[in-house]
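Asks: One letter stands for each residue in the lines below.
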Amino acid sequence: MDWSALSLSLKLATWTVLILLPLGIWVGHALAANRFRGKAWVEALLALPLVLPPTVLGYYLLVAMGGASPLGQLYEAAFGRPLVFSFEGLLLASVIFNIPFAIQPMQRGFEAIAPEVRDAAACCGLTRWRTLWRIELPLAWPGILSAVVLTFAHTLGEFGVVLMVGGSIPGETKTVAIAIYDRVQAFDTGGAGIMSAALLLISLIAIGAAYFTASRAPARRHD
Amino acid sequence: MTEGIRIRLQQSGPIPLDATLECAPGEVLALVGPSGSGKTTILRAIAGLLRVANGAIHCNGDAWFDAEHSLHVAARRRRVGYVFQNYALFPHLSAMHNVMEAMLELPVAERERRARDVLARVRLAGLEHRVPAMLSGGQQQRVAVARALAREPQVLLLDEPFSAVDRATRQKLYRELAELRRELAMPVILVTHDLDEALMLSDRMCVLHQGRTLQSGEPLQVMTRPETVEVAQLVGLRNVFRAGVVAHDAERGVTFIEWRRHRLEARLQPEFEIGAQVTWTIPQGHIVLHRRDRPSRGEHENPVFGKVVECLSLGENIVLSVAINGSERPPLFLTVPAHTARRNGIAQDVDIGVSLLSEGIHLMPVDNARIRSKPVQGGKQSQGAGKMGR
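Protein chains in written order, with my numbering: chain R, 1 to 223; chain P, 1001 to 1390.
Just so you know, the hints here were simulated from the structure itself, not pulled from any lab data.
Where a beta carbon is used, it is the ideal one built from N, C-alpha and C, also for glycine.
Hints may be right or wrong, so weigh each one.
What the hints assert, rightly or not - Derived, one-sided and incomplete: chain P residues facing chain R with beta-carbon distance under 8 Å:
id	residue
1	1088
2	1101
3	1224
As the list claims (entries may be wrong) - One-sided and incomplete, this derived list gives chain R residues near chain P with beta-carbon spacing under 10 Å:
id	residue
4	121
5	124
6	154
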């Protein structure tokens, strides 16, 4: 069992969720509440990571973050080390390839709120913040929860993009999914098996807990 | 008028509007009109949920909206109590918290006390901690009313508040609203497509069609004395015919009109010139069926005779279509109780006599112009004439 790979995967998944949670709420809410020209194209762009082969996405991210790119140069000037093949580079890639998993369920969650409920909140004198905090977030929370779980589980399991952008540096960018692959390549099926089982269990618990909580949502009381 | 609310809204699209309304404190104004006539749009504009191209809204002297000065006060700053058609309660909050959300400016303890009071006022004491899904339709409506009143609004807006409940509950809620409204000191605007509801609950009624306010006035007045043919049709008056003005008798308070070779006495309406073509209407309550076995004195008043061409049973009542002077002309409609029809042996093809009570005969210009703004020209034809019987 490669504990450092497992902890790196969990750390990456946690950070990805922490970054995408507010971002997803903001973008998902904006997309649900507004109609504007070119909205379909924005949505298509945000859904792109769903359909692109991970190697294609990984390739573009690698180019965008490499030492020859403005982003890569800026990062290197600021921190004195390259962005690619670092944990930060991996996190940036992870955030980008998880965008559809985070935003889409949240957008659906906000869209499920009847527009009159928002109108009623305005007529009650609620500010936008109060409406979001007190009315919209509690009502959209099944969508937000499923976004969190999907993002977390998907980050744990992602292989192609991680390999392209992060390489396989132990303790820095070698996640559990890559460690499993390495073990199999080294004919250590026992080690690969244990790590696969651990990943399976973590994913199952996360998704199971989300489904269980969401199924109890409508009966919830609030006093 | 600085007290109450004054509304003037105009725009050509996307939803055309040309509406002028006023509602005094304590007054209930019913906005009636068919679906798509712009009733809800007007309410949304008053609440600030929608911005109209032109016009102004003033409430108790404050400008809420003034297109000329690019002024549009946000919905949450307008102090409007809005009861939505489907109530729009916050589904995850208890009745108590739904109401408490509407008075956030108060300290929590005060909010709780007031919420309890308001809920008790709409007869929901004991159900404060239920979420909307655990309340019946009528109870949900009461929570919505309580939430709207909790804000101590400067105007109360009710958007078809009775349409989502069953008939028995509706009758109960009518009574409750009628009681409640005596305590309300703010203008109340009630949107409905149900004329009986408007008649029962409102002080004034405004008929709306395609975003235009056509006529405002006391409900019975609007429903029995429409200013135009369009209003007559919108308030469900089915007996609309053409006639010519023959004479006025100011002493007897009578105007004579000539209709299908009958000379009818109508209530004196001297604003119509002698010789002019007019449209006339009569509410069904002013048509009296002659008893076949026992003629009575009332039969001398505008008696007309004809053949029943259709009997349409509507439960306890029967709608009769009576051909007067030939079946090719539009018939006269009258509604009689089913037992009266049975007792008098009324059926299809039977000849009957009716009296058209002169007090109910109301004259209108032939076209859709209001008589006050545009005098009627003698013999003028209009495009709207196709729908009327001569």
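Asks: Please go over all the hints and tell whether each is borne out by the structure.
Replies: Structure-based check of each hint:
no.: 1; hint: 1088; in the structure: 4 Å, holds
no.: 2; hint: 1101; in the structure: 5 Å, holds
no.: 3; hint: 1224; in the structure: 36 Å, violated
no.: 4; hint: 121; in the structure: 8 Å, holds
no.: 5; hint: 124; in the structure: 4 Å, holds
no.: 6; hint: 154; in the structure: 28 Å, violated
This entry does not satisfy hints 3 and 6, going by the numbered hints stated previously.
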